[in-house]
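Sequence lines, in order, name chains A and B.
Residues 1 to 448 (our numbering) make up the first sequence, in order.
Residues 1 to 448 (our numbering) make up the second sequence, in order.
Derived by calculation from the structure, the hints in this document are not laboratory data.
The structure displayed is predicted, hence computed values, not measured ones.
The reader is advised that the hints may include incorrect statements.
All copies of an identical chain are treated as equivalent in the list; a pair is satisfied when it fits inside any one copy or across any two copies.
Subject to a maximum C-alpha distance of 20 Å in a straight line, what follows is the list of computed EDC-like cross-link-like pairs (lysine to aspartate or glutamate) [claimed, not checked]:
id	residue 1	residue 2
1	K410	E3
2	K109	D68
3	K410	E29
4	K12	D342
2 protein chains.
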Amino acid sequence: MEEAERLSESIKELLASGRDERLATVLEEVHPADVSRVMRELPLGDQVRVFRLLTPQSAGAVLSELDDPTLSELVSALDEVEVSRILDRMPPDHVVEVVEELPKEQADKILDLMEEEKSEEVQELLVYGERTAGRLMSPEFVAVHEQATVAQALEHIRKAKTGDSAFYLYVVDDHDHLVGLVPLHRLLAAEPGTPIHAIRTEDVESVTVSTDQEEVARLVQHYDLIQVPVVDASRRLLGTIGVDDVIDVIREEATEDIQRLGGASGDETVLDPPQAVFLKRLTWRVVNLGTAVLAASVIGIFESSIQALATLAVFMPIVASMGGIGTTQTATIVVRGIALGDMTGSVLRRVLWKEVWLGLTTGAANGLIIAAIAYIWKGQVLLALILGVALVFNMLVAAVVGTLIPISLKMFRIDPAIASSVIITTFTDVFGFFSFLGLATLLMKFLL
Amino acid sequence: MEEAERLSESIKELLASGRDERLATVLEEVHPADVSRVMRELPLGDQVRVFRLLTPQSAGAVLSELDDPTLSELVSALDEVEVSRILDRMPPDHVVEVVEELPKEQADKILDLMEEEKSEEVQELLVYGERTAGRLMSPEFVAVHEQATVAQALEHIRKAKTGDSAFYLYVVDDHDHLVGLVPLHRLLAAEPGTPIHAIRTEDVESVTVSTDQEEVARLVQHYDLIQVPVVDASRRLLGTIGVDDVIDVIREEATEDIQRLGGASGDETVLDPPQAVFLKRLTWRVVNLGTAVLAASVIGIFESSIQALATLAVFMPIVASMGGIGTTQTATIVVRGIALGDMTGSVLRRVLWKEVWLGLTTGAANGLIIAAIAYIWKGQVLLALILGVALVFNMLVAAVVGTLIPISLKMFRIDPAIASSVIITTFTDVFGFFSFLGLATLLMKFLL
Numbered sequence: 001m002e003e004a005e006r007l008s009e010s011i012k013e014l015l016a017s018g019r020d021e022r023l024a025t026v027l028e029e030v031h032p033a034d035v036s037r038v039m040r041e042l043p044l045g046d047q048v049r050v051f052r053l054l055t056p057q058s059a060g061a062v063l064s065e066l067d068d069p070t071l072s073e074l075v076s077a078l079d080e081v082e083v084s085r086i087l088d089r090m091p092p093d094h095v096v097e098v099v100e101e102l103p104k105e106q107a108d109k110i111l112d113l114m115e116e117e118k119s120e121e122v123q124e125l126l127v128y129g130e131r132t133a134g135r136l137m138s139p140e141f142v143a144v145h146e147q148a149t150v151a152q153a154l155e156h157i158r159k160a161k162t163g164d165s166a167f168y169l170y171v172v173d174d175h176d177h178l179v180g181l182v183p184l185h186r187l188l189a190a191e192p193g194t195p196i197h198a199i200r201t202e203d204v205e206s207v208t209v210s211t212d213q214e215e216v217a218r219l220v221q222h223y224d225l226i227q228v229p230v231v232d233a234s235r236r237l238l239g240t241i242g243v244d245d246v247i248d249v250i251r252e253e254a255t256e257d258i259q260r261l262g263g264a265s266g267d268e269t270v271l272d273p274p275q276a277v278f279l280k281r282l283t284w285r286v287v288n289l290g291t292a293v294l295a296a297s298v299i300g301i302f303e304s305s306i307q308a309l310a311t312l313a314v315f316m317p318i319v320a321s322m323g324g325i326g327t328t329q330t331a332t333i334v335v336r337g338i339a340l341g342d343m344t345g346s347v348l349r350r351v352l353w354k355e356v357w358l359g360l361t362t363g364a365a366n367g368l369i370i371a372a373i374a375y376i377w378k379g380q381v382l383l384a385l386i387l388g389v390a391l392v393f394n395m396l397v398a399a400v401v402g403t404l405i406p407i408s409l410k411m412f413r414i415d416p417a418i419a420s421s422v423i424i425t426t427f428t429d430v431f432g433f434f435s436f437l438g439l440a441t442l443l444m445k446f447l448l
Numbered sequence: 001m002e003e004a005e006r007l008s009e010s011i012k013e014l015l016a017s018g019r020d021e022r023l024a025t026v027l028e029e030v031h032p033a034d035v036s037r038v039m040r041e042l043p044l045g046d047q048v049r050v051f052r053l054l055t056p057q058s059a060g061a062v063l064s065e066l067d068d069p070t071l072s073e074l075v076s077a078l079d080e081v082e083v084s085r086i087l088d089r090m091p092p093d094h095v096v097e098v099v100e101e102l103p104k105e106q107a108d109k110i111l112d113l114m115e116e117e118k119s120e121e122v123q124e125l126l127v128y129g130e131r132t133a134g135r136l137m138s139p140e141f142v143a144v145h146e147q148a149t150v151a152q153a154l155e156h157i158r159k160a161k162t163g164d165s166a167f168y169l170y171v172v173d174d175h176d177h178l179v180g181l182v183p184l185h186r187l188l189a190a191e192p193g194t195p196i197h198a199i200r201t202e203d204v205e206s207v208t209v210s211t212d213q214e215e216v217a218r219l220v221q222h223y224d225l226i227q228v229p230v231v232d233a234s235r236r237l238l239g240t241i242g243v244d245d246v247i248d249v250i251r252e253e254a255t256e257d258i259q260r261l262g263g264a265s266g267d268e269t270v271l272d273p274p275q276a277v278f279l280k281r282l283t284w285r286v287v288n289l290g291t292a293v294l295a296a297s298v299i300g301i302f303e304s305s306i307q308a309l310a311t312l313a314v315f316m317p318i319v320a321s322m323g324g325i326g327t328t329q330t331a332t333i334v335v336r337g338i339a340l341g342d343m344t345g346s347v348l349r350r351v352l353w354k355e356v357w358l359g360l361t362t363g364a365a366n367g368l369i370i371a372a373i374a375y376i377w378k379g380q381v382l383l384a385l386i387l388g389v390a391l392v393f394n395m396l397v398a399a400v401v402g403t404l405i406p407i408s409l410k411m412f413r414i415d416p417a418i419a420s421s422v423i424i425t426t427f428t429d430v431f432g433f434f435s436f437l438g439l440a441t442l443l444m445k446f447l448l
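Extracted from the complex, chain A is given alone in its bound form (with noise of 0.2 Å):
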């Protein structure tokens, strides 16, 4: 990406020596997904110079592709009816990803300045829900009725006129009902006069208005599709989601998955203002707060027993810390593992075994490591055991929980992925406390 580098420094550069005229010139040359990247990084005011310096064509795709809170600011500091008259230009799906992000308000007076029939087209797409097919999809589409020949849907296609998206030609029976489509190339290598449904493919992968984002997503993966028909609930085709919304939403997955699992939020960005994510990060850290202060109470019951032999605080977080490996490791690969499909009830037994055995082997392994380190640096045979044997329990505990919680949040439809380091690490954190200070506290008579 060092040419996105040298293209952000030049338009900069532009910008401060106000060649405006130069600049238009530029950006006429460059890919909107590009402009979009850069503006990110530009102060507002000159959000809104090199927006204005954008042809119409490439303004709409620099909105479309630009993210939250960067898309609502600068709609913000543009004027209302410069705005529709842009959107007025785009395909539906796009106005979409605009307004969505828009706050309500500001979003109904756009839609409200915008041509009638576009306007109606767009609302018709926010009815869906979010995250749902129905707001991912294009409702342009190129279709034509079974029994029409190759000659006529070649003709269709001339006639529509539908960009550079158009990749399949889908078929329809009467009722509008989806019964299978044709790929474009066998198209052309068919006879003008062959009818549609003797070369169409007949078992089409497709998905209801209402399928959520993530099975289309999971779909298109396991199907190696690229563009997935969009049908409602008797069949009726109603658009179609190309794999570039596809792979967006993937990210945005992942990128939800990762942050959560962290411990931050899933649509935070590097690029934030700090302001904006101040209370999203706060709520995390005061959770970690209260699960730390739950920890340290277990410490609290057995302060005495540190007073009597100090040497205990030194060694105890240590088996917190090996919980909170444990743990980690495990939630991490289980909450994958849902995200891929791969982790399904019938592989649950397999997957606690897996878990639990490696808990025992590494737990012994370290236990052993931990037991010979503080035999030898304090010399107390039973210190060391004991030690040891807290290290192996809790690293069975992690191995349970990792695994169990992420399983269970699914169960109940919540995101395993906010089982994230801060919620699973108290299990291990307490546990381990507790039954190393425990079990110390019960041989104390022996260690002293």
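With chain A's structure known, arrange chain B on it following the hints.
Below, chain B alone, put in the same frame as chain A:
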């Protein structure tokens, strides 16, 4: 994916009742992607049985869908001649997907048994490094000379029989250099006599054989491509990469990031046998043990302070734990930002400032809360203050460490995702214990 579970059940039933003929009929109707999913859950003997009931074409597709270790176990259980006959019928890039996952010796033997021409095509692709565009690409595509007419191009496509993955016609010059492309639907709409160069898109995004697969994925996502042409250093067209392979790369890379951040290896799956992942899991657990011992040794320095005031041991893990969530949140957002291409050198100062701001503000809030809790619990104002101040310090360290470590790793071309919590929280563990216990020791005479 309930359908998938039903399919899995019915295949297992047919296997159990020995109705192989019926099973073969069922399998004919099932998509190879679904067959391979079910096979991963079966014991090896049943995998072989299912595999031998497949048509040769579908057997090939199943092989290219399978991942290690299932793939190499299955291939080892089959006859090498049998495998090579199946590979002979597969497109060369799919054969590569199978062969590259096998042990070298086994792969060589199978390549020797294959038809010479196909084997050579495959070996040409295997020359390119792993995770490069060359290794991903298919050498099958349709290209015509820029001087050809639309009619000639159409004739060429009809003869090429490239299967369902042909969406673009590529345009080359006298030296096979890529000079443009034409989407098939544009070809359909053009007059037969039009020269191709008049309707081609000239500005085509392409990659070279040595481009990293992650860069290919970023390009596809950024420019919404569905196929990327692959060229050599002199822009000669050598192959194409379809978006389906790119989606696999995106998911693979996301899995790697998620799992490495969680302290697990990038390629582990929930279904791996425990023995296969034992060493990788153990490595991180031992590294974690090492960092935990390091943190414990810091506590060891202050053992006499704890002896004097055991309450210190109760609160000290809180400071470390808050540093842990701070570094983890920050590093997660930064690592994901690097993967998405948002985190570039030009925004480093802005991101660092954001994290420091968040560290200070959330640190102050949490510091106040914990000071209040400590005061109510233990009634010691000074201890409560020391705890609050140490917590704010540690959150600041977390902000800086969490931002700079992933970026430094990236600069040294090390995957920033290995900056997993195991590594980065070492800093805040050590600093947290040191600052809290150090401050308490300095002011010990006022605490007792």
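Hint by hint, here is what the structure shows:
no.	hint	verdict
1	K410 x E3	between (42 Å within a copy, 18 Å between copies)
2	K109 x D68	within (18 Å within a copy, 55 Å between copies)
3	K410 x E29	neither (47 Å within a copy, 31 Å between copies)
4	K12 x D342	between (47 Å within a copy, 17 Å between copies)
Of the numbered hints listed earlier, the single one contradicted by the structure is hint 3.
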